[in-house]
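There are 2 protein chains.
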Amino acid sequence: MPELRKDPLIGRWVIIATERVRRPVDFLTTQDDSSVSEDCPFCEGHEALTPKEISAIRSENDLTARPGWKVRVVPSIMPLLRIEGKLNRRAKGMYDLMDGIGAHEIIVESPHHIANAAELPVEQFHWVLQSVVARMVDLERDSRFRYALWFKNYGSVAGAGRIAHVRSQIIATPVTPKRVKEELVGARRYFEEKERCLLCDLLIQERELGERIVMESAHMVVLCPFASRFPFEIWIFPKRHSCDFASIPSEEQKDLANVLKQVLLRLKSALNDPPYNYLLHTAPFRHHNGKVGHWKTIEADYHWHIELIPRLSRLAGFEWGSGFYINPTPPEESAKYLRELVIEPEITTSYA
Amino acid sequence: MPELRKDPLIGRWVIIATERVRRPVDFLTTQDDSSVSEDCPFCEGHEALTPKEISAIRSENDLTARPGWKVRVVPSIMPLLRIEGKLNRRAKGMYDLMDGIGAHEIIVESPHHIANAAELPVEQFHWVLQSVVARMVDLERDSRFRYALWFKNYGSVAGAGRIAHVRSQIIATPVTPKRVKEELVGARRYFEEKERCLLCDLLIQERELGERIVMESAHMVVLCPFASRFPFEIWIFPKRHSCDFASIPSEEQKDLANVLKQVLLRLKSALNDPPYNYLLHTAPFRHHNGKVGHWKTIEADYHWHIELIPRLSRLAGFEWGSGFYINPTPPEESAKYLRELVIEPEITTSYA
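Chains B and Y are the protein sequences, given in the same order.
Under my numbering, the first residue of the first sequence is numbered 6, with each subsequent residue one higher.
Under my numbering, the first residue of the second sequence is numbered 6, with each subsequent residue one higher.
Mixed in with the good hints there might be a few duds.
Identical copies go unnamed one by one, so any copy, or any two together, can satisfy a pair.
30 Å max Cα-Cα, derived DSS-like pairs, lysine-lysine [what the hints assert, rightly or not]:
1) Lys11 with Lys199
2) Lys97 with Lys75
3) Lys11 with Lys57
4) Lys273 with Lys11
5) Lys97 with Lys199
6) Lys301 with Lys11
7) Lys97 with Lys244
8) Lys91 with Lys11
9) Lys183 with Lys199
10) Lys91 with Lys244
11) Lys75 with Lys11
12) Lys273 with Lys199
13) Lys57 with Lys273
14) Lys199 with Lys244
15) Lys97 with Lys341
Keep in mind the hints are simulated off the structure, nothing from the lab.
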């Protein structure tokens with residue numbers, strides 16, 4: 006059983022993945038980055054190679070594992086957290102730990118063996134967002150979970166693994182991740198003083214200034230944040246205040262699909278198809294009323310967003326151990342470059 | 006002028022290194038990992054290739070840039086922070102920033118062109134520690150600085166750069182790094198409840214249990230922490246409670262020199278000379294009496310230590326964006342492996 010262990014000094018939780026233990030010898034082999042496609046478990050027609058489908062978008066929505074789908078959600082075959090069991094939260098001397106309970110699901114973003122999401126038609130993005138929302142709503146029903154993280158790893162440097170089939174992941178966790186908790190605390194502190202949402206204020210200022218804006222759509226703002234940790238770090242915000250990604254209205258969802266595609270195309274064009282990660286930051290589940298979980302206040306003070314990080318540079322020891330980042334590209338330059346890129350007209354018309 | 010920018014949401018400071026800006030084209034070139042040695046600025050006899058020496062350990066201690074030294078401290082030729090100027094802390098709309106003022110120094114750990122510190126005689130480690138302490142004491146006199154970070158990057162994956170000459174770095178910063186601040190807050194919270202140091206309690210428990218201990222010496226304990234973020238993560242603690250590395254007594258310094266050498270030898274042997282980073286976590290400077298800087302309470306509740314991270318696995322998006330780490334090697338296994346390694350007797354006798 007994997008374990009969730011809490012660092013007693015700063016309160017960070019770590020998954021000790023006891024079921025896929027790596028020993029010294031495992032770190033000595035060189036990584037095989039080659040992509041397999043003939044036995045890719047995520048390709049249309051290979052449905053039998055995955056565990057039982059959780060959900061899918063297809064013409065008639067049934068759960069038969071058969072071709073004809075647009076987007077498919079399946080359990081990870083190497084789950085970081087296990088779905089069965091109780092949390093069993095307990096002490097071990099002065100330490101805190103619990104069993105590694107959670108959900109780990111793969112969103113297969115296309116039936117075709119395509120690696121880079123930037124090449125998908127914008128409709129696929131919309132189906133992916135629909136699937137993610139549906140999974141989050143479903144996972145929230147499980148009272149053991151406090152949070153669902155939706156994220157994408159693209160490129161082997163970014164942790165995408167051996168199979169180059171476009172996909173993202175959802176991990177539902179029994180604790181709120183530290184970074185999100187810090188954001189909730191920061192947002193609340195600001196709200197207590199100003200009675201306004203920090204990120205709403207930030208968007209007003211950024212749109213007035215313009216220098217860090219990458220693009221705007223009807224419902225979304227894309228920018229390189231003022232204190233960007235990484236070159237070409239990109240955040241995507243809804244203009245309308247909302248703490249909860251899962252309640253995104255249909256027109257915003259369509260707009261976000263378009264924006265995501267545009268952002269990935271610009272990134273690909275600007276940096277020659279770089280590896281990247283993106284991750285959704287949204288409110289913890291409503292039913293969780295712990296220290297950071299008072300839904301009414303989170304509704305007022307938190308603002309969901311997507312953080313995207315191209316994996317261009319290596320982190321050195323200074324940054325690991327200090328939490329103090331060094332960014333060699335001012336976000337104003339990153340934003341200007343991405344903003345002024347000329348992207349072929351094809352992509353701007355693709356969603357009706 | 007580089008800038009220090011504060012993230013408004015979670016309070017993290019980022020160095021925007023405006024003087025070595027990297028643009029998209031810079032990220033496309035492949036890295037040259039080859040080591041130069043004939044024109045290595047850190048080798049004995051090449052003293053004229055570095056900026057003016059800050060300090061050195063040599064038979065007669067003068068500042069003439071000439072051969073005959075054991076350890077040499079020089080300014081970085083690509084400083085992340087600049088030594089000249091005022092902090093000029095200010096607002097920019099809703100954001101906080103200040104000029105990138107600080108010190109960035111290189112500790113050249115041997116006159117010889119050796120890459121791996123594990124191969125140095127233990128006396129060199131002692132001279133390095135002496136040099137670090139002296140630099141920290143000196144940097145504390147500068148009222149602009151709140152903290153000095155001593156760290157080492159070994160191997161190009163760990164950010165060591167192009168020249169493979171053994172060295173470490175000190176960066177003095179006008180803010181306390183976020184990770185250290187979090188530790189100070191965690192340590193204080195524990196002390197307020199128990200009136201004991203959290204890390205002293207942790208050491209008692211770990212030494213009783215033994216399963217995560219790598220080694221013990223007269224004055225030091227080396228262990229793999231309970232909530233290790235990484236395989237073979239190693240922390241080194243003094244047994245005696247002390248918040249301040251710079252006040253380390255001479256006998257502890259000698260003992261630590263021996264322990265550092267042993268740890269690096271074990272690491273090299275266990276993982277086939279892996280890249281790694283280590284970083285000292287010690288109290289902020291005494292004169293800083295800000296939110297986390299009350300020296301009297303820090304003296305009671307904080308405990309300096311060194312955190313070492315072998316760079317064996319890549320971080321994926323999940324970990325970046327969530328602060329939630331996945332460690333595939335339980336620390337008990339890492340510790341057992343390192344503890345039971347047989348190291349040749351040579352190294353245990355090298356310091357008198």
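Now the hints, each set against the structure:
1. Lys11 with Lys199: Only across copies: Lys11 and Lys199 sit 19 Å apart there, 33 Å inside one copy, limit 30 Å.
2. Lys97 with Lys75: Result: close neither inside a copy nor across copies, 47 Å intra and 46 Å inter.
3. Lys11 with Lys57: So Lys11 and Lys57 fail the 30 Å test inside a copy (32 Å) and across (46 Å) alike.
4. Lys273 with Lys11: Between copies, since 29 Å is at most 30 Å while 38 Å is not.
5. Lys97 with Lys199: between (42 Å within a copy, 18 Å between copies)
6. Lys301 with Lys11: both (28 Å within a copy, 28 Å between copies)
7. Lys97 with Lys244: Close across copies (22 Å), not inside one copy (46 Å); limit 30 Å.
8. Lys91 with Lys11: For Lys91 and Lys11, only the intra-copy Cα distance (17 Å) is at most 30 Å; the inter-copy one is 40 Å.
9. Lys183 with Lys199: both (24 Å within a copy, 24 Å between copies)
10. Lys91 with Lys244: neither (39 Å within a copy, 38 Å between copies)
11. Lys75 with Lys11: Neither way: Lys75 and Lys11 sit 39 Å apart in one copy and 42 Å across, limit 30 Å.
12. Lys273 with Lys199: neither (39 Å within a copy, 54 Å between copies)
13. Lys57 with Lys273: Classified as neither; 34 Å inside a copy, 44 Å across copies.
14. Lys199 with Lys244: within (19 Å within a copy, 47 Å between copies)
15. Lys97 with Lys341: between (52 Å within a copy, 19 Å between copies)
Hint compliance for this structure: hints 2, 3, 10, 11, 12, 13 are not met, and every other hint is.
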